[in-house]
Amino acid sequence: MRVVVRLVLPRARVTIVLAAQAVTHPAVWITMSVLGGPVVVRLGAVELWATLVEAAIYARWLGLPGRVALALSAIANAASLLALAWL
Numbered sequence: 747m748r749v750v751v752r753l754v755l756p757r758a759r760v761t762i763v764l765a766a767q768a769v770t771h772p773a774v775w776i777t778m779s780v781l782g783g784p785v786v787v788r789l790g791a792v793e794l795w796a797t798l799v800e801a802a803i804y805a806r807w808l809g810l811p812g813r814v815a816l817a818l819s820a821i822a823n824a825a826s827l828l829a830l831a832w833l
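FYI, in the working numbering the residues of the sequence shown are 747 to 833.
Among the clues, some could well be false.
Derived Cβ-Cβ restraints for the label pairs, each shown as a range [said to hold, decoys possible]:
#, residue 1, residue 2, range
1, 829, 802, 19 to 25 Å
2, 791, 768, 16 to 22 Å
3, 824, 761, 16 to 22 Å
To be clear, the hints were calculated from the coordinates, so they are not data collected in a lab. Given the structure is predicted, the values throughout are model-derived calculations rather than measurements. The beta carbon of each residue, even a glycine, is placed where N, CA and C say it ideally should be.
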């Protein structure tokens with residue numbers, strides 16, 4: 747994950763990116779276990795929420811423009827999902 751962040755935004759402080767993920771991931775896992783419905787729908791909903799929250803954190807704490815923060819968040823979450831799928 748650090749490699750993805752450094753490739754996308756070398757100036758981004760990795761600790762903030764990791765902290766944002768650490769804040770949202772417990773909520774993602776808890777919500778996934780509580781919500782009903784198909785797994786794909788639940789995963790899509792909670793990952794969208796996490797992506798938006800993390801983008802807001804990046805915009806605020808890293809001073810990134812909204813689109814850049816959203817792109818960074820989407821890439822970080824996609825990397826996280828791909829790592830999980832790979833395991």
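Beta-carbon spacing of residue 791 to residue 768 - inside the hinted bounds 16 to 22 Å or not: holds, 20 Å
Hint check for residue 761 and residue 824 - Cβ pair distance inside 16 to 22 Å: holds, 20 Å
Range agreement (Cβ of residue 802 with Cβ of residue 829, hint 19 to 25 Å): holds, 23 Å
In terms of the numbered hints stated before, the structure departs from none.
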